[in-house]
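Enquirer: Please arrange chain B on chain A, whose structure you already have, making use of the hints.
Below are the chains, spelled out letter by letter.
Number of protein chains: 2
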Amino acid sequence: MIDAPTFADVRAAADRIRGHAHRTPVLTSRRVDDEVGAQLFFKCENLQRMGAFKFRGAFNALSRFEEEQRRNGVVAYSSGNHAQAIALAGRILGIPATIVMPHDAPASKIAATEGYGATVVRYDRYTEDREAIGAALAAERGLTLIPPYDHPDVIAGQGTATLELLEDVGELDALYLPLGGGGLSSGAALAARALSPSCQVFGVEPEAGDDVRQSIRSGRIVHIPAPSTIADGAQTQHPGEITFPILQRELTDVLTATDDELVDAMRVFAATLKIVVEPTGCLGFAAARRAAPAGKRVGVLISGGNVDLDRFAALIAG
Amino acid sequence: MIDAPTFADVRAAADRIRGHAHRTPVLTSRRVDDEVGAQLFFKCENLQRMGAFKFRGAFNALSRFEEEQRRNGVVAYSSGNHAQAIALAGRILGIPATIVMPHDAPASKIAATEGYGATVVRYDRYTEDREAIGAALAAERGLTLIPPYDHPDVIAGQGTATLELLEDVGELDALYLPLGGGGLSSGAALAARALSPSCQVFGVEPEAGDDVRQSIRSGRIVHIPAPSTIADGAQTQHPGEITFPILQRELTDVLTATDDELVDAMRVFAATLKIVVEPTGCLGFAAARRAAPAGKRVGVLISGGNVDLDRFAALIAG
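Residue numbers (my numbering), protein chains in the order written: chain A, 1 to 318; chain B, 1001 to 1318.
No lab work stands behind these hints, which were simulated from the structure alone. It is possible that part of the hints are untrue.
To be verified - A partial selection of chain B residues facing chain A, derived with a Cβ cut-off under 7 Å:
#, residue
1, PRO1025
2, VAL1276
3, ALA1317
Claimed, not checked - Derived list of chain A stretches under chain B, where covered just means 3 residues or more per stretch with a C-beta under 8 Å from a C-beta of chain B:
#, stretch
4, 24 to 31
5, 42 to 55
Glycine included, each C-beta is placed from N, C-alpha and C at the ideal position.
For reference, chain A alone in the conformation it holds in the complex:
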């Protein structure tokens, strides 16, 4: 049994990533506030290094490697941003990285991962099991497996985004987070409970893949088929053994957003906030637009901005 991470781990992670991760800006827009009827604070992890919050957890995890782990290297499986994050963190720390990626991952994410010097091993997301492939590579080659979300150092690292948000803007009434496997949300919940205890924390899943909502309702981890959604970073099939109890305990509720709502949010981000956000990164805002408590101070975490330009152009052109 791995110890669950605590807020102290989030604080320690913040110290480790300082000077390596960007302290991303918090943007506000009175126009969006008027539309939503609340005061929104957007934590822009699309402006993070390699374009997503995942760098935080990856760098925190790799920076805790022992000497032999560093020498042998790291292996990770990922639908995209975790891959780039491990690859970049590995390059910075001098740790060789092997990444197991689905064959249909966005071309920009595969190219970026290879661009950071990692070795990419592809698999079929619909017929093969990435966790088994990752575990086999780890056993055969002595690599340390860093999973995309179910790891205490990854969770603690992801929590630093919310730590910074709360340090920058003070306490919030509600917080809306993209929810895939729960690494971001469980880290965020740890930070929110410590720094803004009365803040309601909402995880937002794609409607097509509400594995966390189903799991919380069932009181146990539910596995779902690989969901079909444009939110490619939240196509997870189940929450983690470590993230689930935290989510179960800390989340106020799990909400969902449709692909149409994600595209609409993406258009508002581009037109009004002037930022590029990938579909998964729109989950928090898509729900906050519908559900934010009137007149309250609301945090919205934008998880990433890694979307192929042609696809982005096609989506925002409507």
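Expert: Frame of chain A; chain B shown alone:
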């Protein structure tokens, strides 16, 4: 003869706009730095209120109105962002605004200007003279004309963007600025001379409309025909009576960028920095990519992000 603005006026403007304008973030990207071979600091005025630096100068100018001026109102002519800036500043300060806009201004800019409660008067950019129309409205209705760049309060306000950049990142070796009528560049030059005296300051015009370059080479203000370029915020036909002597004295050089270079820069902004930048806003970066001094600390001012989404999508899709 109007007194030319000084750095003290920029400082005073910074005090006036505080709490009304955003202190916009400065973004960096190691990937872009590697490509360019210099350390770039992007001052993101596309993330400014109403989407462009123009809010700074407009708010500074209107906040200096006397009681009678406030009551009668302001008139402005603009190809876009100055219009929205005056409209928004007018709304905040309770000053009625009338805006003279070209009939072919981007639909989003006209809609935004009207959305801020201003009255829009349209004219034909190729056959009519907006300055004459603005002057006539001012005379007939007792309105105070605030021109888009040739006004000391506007220049001082625009200088605050560079003031903030230099406060945030320290001294720079070079600074690249979009150059239209010279309001942004002359204000920036005042700030740079005071806070980073050895910084080279480059204004960057669209290749199709190099009125400032021609003017500096001739030693007098040169008027050119309305240029055809996608940089709709820099389609100026001549520098101003106040801006020209400052530009002549302070600019290290005037560079140009082609429309193709602007589109290419726009794609890098979207793909790597994850931000939406209008064509005019890409001028500084387009030149910096070619010309930034190797290994040096280089500021790049991004002037705005107001571009219709469909047009943006078409441009970045290539």
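Enquirer: Which of the numbered hints above does this structure break?
Expert: Structure breaks no hint.
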